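We have chain A already, so just place chain X on it with the hints.
Quick mapping for you: the protein sequence lines, in order, are chains A and X. Under the numbering used here, the first residue of the first sequence carries the number 1, and numbering increases by one thereafter. Under the numbering used here, the first residue of the second sequence carries the number 1001, and numbering increases by one thereafter.
Please keep in mind that the hints were generated in silico from the structure rather than gathered at the bench. Hints are not guaranteed to be accurate.
[Stated by the list, open to error] Distance condition first, Cα-Cα at most 27 Å in a straight line; then the derived DSSO-like pairs of lysine-lysine:
{"id": "1", "chain 1": "A", "residue 1": "LYS93", "chain 2": "X", "residue 2": "LYS1166"}
{"id": "2", "chain 1": "X", "residue 1": "LYS1022", "chain 2": "X", "residue 2": "LYS1314"}
{"id": "3", "chain 1": "A", "residue 1": "LYS93", "chain 2": "X", "residue 2": "LYS1067"}
Since we're looking at a predicted model, the values are computed, not measured.
There are 2 protein chains.
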Amino acid sequence: MHILIIGAAGMVGRKLTERLAKDGHIGGKAIERATLHDVVEPAVPAGAPFAAVTVASDFSEPGEAGKLLADRPDVIFHLAAIVSGEAEADFDKGYRINLDGSYRLFEAIRAIGDGYRPRVVFTSSIAVFGAPFPEAIGDEFFTTPLTSYGTQKAIGELLLSDYTRKGIFDGVGIRLPTICVRPGKPNKAASGFFSNIIREPLAGHEAVLPVSEDVRHWHASPRSAVGFLLHAATMDTAAIGPRRALTMPGLSCTVGEQIEALRRVAGDKVVARIRREPDETIMKIVAGWPRNFAPTRAPALGFKAETSFDEIIKVHLEDELDGKIA
Amino acid sequence: MHILIIGAAGMVGRKLTERLAKDGHIGGKAIERATLHDVVEPAVPAGAPFAAVTVASDFSEPGEAGKLLADRPDVIFHLAAIVSGEAEADFDKGYRINLDGSYRLFEAIRAIGDGYRPRVVFTSSIAVFGAPFPEAIGDEFFTTPLTSYGTQKAIGELLLSDYTRKGIFDGVGIRLPTICVRPGKPNKAASGFFSNIIREPLAGHEAVLPVSEDVRHWHASPRSAVGFLLHAATMDTAAIGPRRALTMPGLSCTVGEQIEALRRVAGDKVVARIRREPDETIMKIVAGWPRNFAPTRAPALGFKAETSFDEIIKVHLEDELDGKIA
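The following block holds chain A by itself, in its conformation from the complex (with noise of 0.2 Å):
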């Protein structure tokens, strides 16, 4: 199997690029070849049991794309996306890239032609909602979305669920709850908090919460959400039928919740590292995001997430802390 990862140097591709190169296989398949691509150029995992070529690049310019597939992977992890907050601030960018970038690469896809016809797994979001939500979000709640990102994904599943009707390619859309524990540094993030309260405690670092205990989201782990892309990436795709966008399983509870989890796994001592500090601004955009969901069409179709905020911290002690609590 060749498999092409664009997007290979953000935190999902990385572990997906780790786990691929521990497993050797995908879907019961050796991996010969991989191609790792970014606009950096990312990491290859010392011993990947195959051959890894890295490419860093521009995807979303005309040309770039069809380079990518010169030596027609199988499967194509498409995860390179502008976040939320820079599309919403950077226009020209985020339609750029998330817009622009999607389609040229569905189109070089189309342009091999000669009865080639790869899996690719598109990476959408919970952001094609848009608010008012009703209490807990199904398959078939509308894309409304509020953002520019929201918008660019929710076209991307369009293109996903048209081409592939059209026989172009095999396409697989996978709405990703919010991931948390989200290794490495507290950022400026909007949604930095669901991680940094639990991920600077446990390392011990003190870590704000800008939000009150009642505030729901929807979430699953890193680990969870490399699970969804490999099982994307070879499930048989009979069973999805033309709706080619799936609201992945995740874990709803509350800021509260989150905490007493972290207290069960470590702590009053871990716990007393989260300091309170009520910020309005992340308060308004919070309060703009959905908080629950009721899917039913993946779990039916065989994908897995945590069932409790206390295994996503186990995910997060297992996979990046061997363990330890600080």
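Here is chain X on its own, set in the frame of chain A:
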């Protein structure tokens, strides 16, 4: 007011142009200029009380939309489209006109900047919906089209809402019902019979009915379509909110009910000109189409359509036949 109509040579574009020429004003403001655009040169109605410029070009070509905007029209009617059957048969052409064309038009408006913020009326379609359908499709039904045309229109709606949200223009998307009774000659469109079985018998000609009488569909007259466009161009858009695509009101009735309306309006002699000639291919296509809608937003915002098929026939008699039945 300066009005730009893109797609002015099509059936709805011609009727809109004629109505504007007759009224001489729009929303209580005098029309000073109209730019009438299409891929073939549109007609200027005799006696139009405003200066009319006609332009024939491919508006989807880079740079062409910008030319149409050079004089900063106040209202832009974007009616240009490759229709459903052709967009399905010619993937390139459908995407080029229906997606790239709309996107380039919206980008050309953005490129002007400088406080320019026109009203943009975008004609969308009930083809944004894909089977299976509920009994009546409500305003919150999701858009999972099963044609390239429907995909392209759904993408146009998403762009329209996002560009509006960002203050680039003030967009209103209107999902038109099937327009009936369509004037002109019978054509090969799979939907043609809905109009043929009314128009041809009224004009003294035989018409072929290829489906059974229990086939239900969603109709509005050409006069209503023009009414939707004018209302979308002049309404107070503050009441719409961020979800800018509106399912227009219409009339759901069966072919049998169409025929009974024809009998009431024109008598048995006219109805006898309908010849039943079942066509499996057309029956199969029509089986996948929406049959009924339950729009509440558009009627609440002042959009109006016929409430009986008798009315739709009378509109055709008045507007196309000077009231004369053959």
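So, going through the hints one by one against the coordinates:
{"no.": "1", "hint": "LYS93/A - LYS1166/X", "in the structure": "holds, 15 Å"}
{"no.": "2", "hint": "LYS1022/X - LYS1314/X", "in the structure": "holds, 20 Å"}
{"no.": "3", "hint": "LYS93/A - LYS1067/X", "in the structure": "holds, 25 Å"}
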